[in-house]
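> For reference, the chains in residue letters:
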Amino acid sequence: MPGHKLSTALGLLPGLRACERDPAREARALAGLACWSGRFTPTVSLAPPAGLLLEIGGCRRLFGGIEAIVEAVRDGCRVQGWRVDWAVAPTPLGARWLAHAGAAASYESLAALQAALADLPCVVPDWPAEVVARLDAFGLRRLGELTAQPAASLRRRVGNGPVDDLLRACGELPDPQRAFVFPERFAAGLELPSRVEFAEGLAFAAQRLFAALAGWLQVRQMLLRAGTLRLTHDDGSSSMLPLRFGEPCGDEGRFMRLLREHLGRLQLVAPVEALSLVADEVVARPDASTGLFDQAVPGEGAAACIERLRARLGDDAVRSLAQHADHRPECASRSDDPAGIFAAKTASTATFGKPRPLWLLPAPQPLAERADGPHWHGPLQLVTRGERLESGWWDSGEASAVGDLRRDYFVARNGEGQWAWIFRDASGWYVHGVFA
Amino acid sequence: MSAQPSPVSLAAVLARGDIWRGDALPGLPAGTIASGYAELDAELPGGGWPRGNLTEILVDRGGIGEISLLLPALARLSGEGGRLALVAPPWLPHAPAWAAAGVAPERLLVIRPGKQVAWCVEQLLRCGGFAGLLAWPDAGIDARALRRLQVAAEGQSVFAVLWRSTVDAATPSPAPLRLTLAASADRLALRILKRRGRPASRLLQIEIPRPGRKTRVVAGPAFSAADAGSPAAAAVA
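Protein sequence lines, in the order shown, are assigned to chains A and B.
Using the working numbering, the letters of the first sequence correspond one by one to residues 660 to 1095.
Using the working numbering, the letters of the second sequence correspond one by one to residues 252 to 488.
Bound conformation, chain B alone:
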């Protein structure tokens, strides 16, 4: 009579080295930098923004708080003495605001490469002297150029973010982390399109610090029920 296998506890089975759990997020070898938002860190592999890999953030319009989402991480990189680079930004960076956020303006490099955005980003990634890189590539950048950028970023400890439009959400891209951002009520709605590990299904609502007070509107139309109750004085003459 064959002996029945003795029952083992589930915890012991899961603790074995040859068991891979499909719902666990992997750690990243190159390291991560904490984003400063706990609910976002819980959803990112490695517990923060990845270093040494491309991160694609897709937005359809600016001004909804997309840079403020990255500011805690960028402030930490700059505070440690790292250099940051902005490549082809849509507007001019305003030094007092960046300084107030914790990013030293003298270590922030602004580059306007004209048509050669992809080449410029590749050089900055490869040289390894920059801790953070935000780039706004052309709308028509193709997967081959993105693949070159990803290869250039691997092995460095740079936090690289590419800003693209939400129309590119359907086209495949070699970046290991892709997010879309949209504004919703008072918060930033973040959806992770692609990440290492199991696919994300939840829509995250992140509260970004915004100027002014939320509960009070000085003037103008009411956009939500919360605002409708506040006294709206006539427009300032």
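If we strip away everything but chain A, and leave its shape as in the complex, we get:
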């Protein structure tokens, strides 16, 4: 309870142990916690003496919702030995006040925030004592009563500060926060509350340092290859514990496992008073950024590419070819599932000695017939003798089958240098293929 003397406190509770507040240590601890929170969000700002603001609006989806982030933050703080009062709100000042008041809840909208702020007593924001006394004299005890007053007259009586704070907390005035700058090189120190004589006891204290290191690595997108843990003994000497990783890593669990192995073998020359951790060698995290739209990764191979094409264009748009033993040209070549594209090399089947065109038209096109023969972009010249194909009596009459054929096929050439595969059947001349 603030405001009492130490002797009064000792009188109430004789076993009380009193320590002096060390602002420098508190600042270092807060900075270490800010580094640790870098694993959640890169926008962190300090609200000294004991507050930390994390901007989690942008990373909600990554962590799967605000509840998940809050759980993770509370668990992490508990592991490190911190007790937290937390609140989530759309504005930073609103969140600070609610956390100060001990509201362990999250408010999604400005309306809910304003309703919650209305119930807070006027001592919650850190306004000067005289302002609080004046408000008390007016009979305004809750923030909600303050907002109900006309703003101009309130400004004249208590000054601009409280009124502007209220506007910022309700989101009507912008409230930019100074961001915490994650240091270029990580070097954090921790003074132990009591001297540690056995090496295993260092693991708990070092856990805070490694947690801060892991958060710093996450924000800077780097991985640790080598670091040094420096133990300061009570006689002033210090010893170094080098930590080296075969493969650069950023995982806090791996750090702790390596540390425990080292500590299991370490013999302390003297009790340890303080620890400090320095990251000596860090390498950039070798991740590749993916494109916003679905993009092929170079070298990912044909299978993944075919899947992507089929997903976007449809299964029918991506086919491979297959040969089929049939005299009818339409049936000799059919499209097949592209899975066969990865089959081992098969021996080629026996091929015709007759010329076959590389391209087949989807359906034979009738040709105009003039005096000197069929025309296809000009008069056609037949270059081979006729090849008669008669086949397919078993298919005739079926709906989608080719049916019975009786065609004489020729290779033809026109005046423009194009080579075509034409045939003549009972109904006239047709062009069926192109020799490309």
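Treat the hints loosely; a few may be bogus.
[To be verified] One side of the interface only, derived from the structure: several residues of chain B facing chain A at Cβ under 7 Å:
| hint | residue |
| --- | --- |
| 1 | Gly299 |
| 2 | Gly314 |
| 3 | Pro344 |
| 4 | Pro356 |
| 5 | Ser452 |
| 6 | Val469 |
[Stated by the list, open to error] Covered stretches of chain B (in silico footprint by chain A; criterion: 3 or more residues with CB under 8 Å from a CB of chain A, positions within the stretch not fixed):
| hint | region |
| --- | --- |
| 7 | 317–331 |
| 8 | 345–352 |
| 9 | 360–367 |
| 10 | 422–431 |
FYI, nobody ran anything at the bench for these hints, they're computed from the structure.
C-beta: ideal position from N, C-alpha, C; glycine also.
Fit chain B to the given chain A structure using the hints.
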């Protein structure tokens, strides 16, 4: 009196490392694949079709032997186990003919992307799993899309060919190799519009294997003096 420089032979000067000859065709870092036609290989930088770069072939009509020009290279790629892809081909590929030419039909992928030809080609180039790619892009493809395709092809060992119309010969394109093909008499007339190194000036006449025999015409009008002498029987009834 200043000493006169001693005369050195021209060959020694040309052999120096800091002399660049303007009439030499550069080699290609990504490798080439031999086209199978000696006079064409002599004119292509690197001695063959380039891999890892776009090749644009401009034709105004099909059926003059344009694919047959590429078939020796495609057959070699397929014979080594590589996969080929045809994107938006103008007609249906006929499997027995491709198999007879040496391209395994089961490793030939036919894709009909509708409107998304450029996206499709880019994905196939980037994935790096295809040895050869023939694509027929839309007539209105612009230089920015072609630039993306060229960037996607770089670094892969894919032999990529884009088929376009000869009306696009005047518009600039980022493809390092551009050819036009036209039919002339019995051969294929090939002109290289753009290549690395010195510009090509010669028109190449490549003889492509064609079905049937050249010297004999079974029926139909005579197109050239050579054909005029052959007996042309009446049209087959």
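> State for each hint whether it applies.
Going through the hints against the structure:
1. Gly299: violated (21 Å)
2. Gly314: Holds, about 4 Å.
3. Pro344: For proline 344 of chain B, the interface hint holds, since the closest Cβ of chain A sits about 6 Å away, which is under 7 Å.
4. Pro356: Nearest chain A Cβ about 4 Å off; hint holds.
5. Ser452: violated (23 Å)
6. Val469: holds (4 Å)
7. 317–331: Answer holds; 3 residues pass the 8 Å Cβ test.
8. 345–352: holds (count 8)
9. 360–367: holds (count 7)
10. 422–431: Answer violated; 0 residues pass the 8 Å Cβ test.
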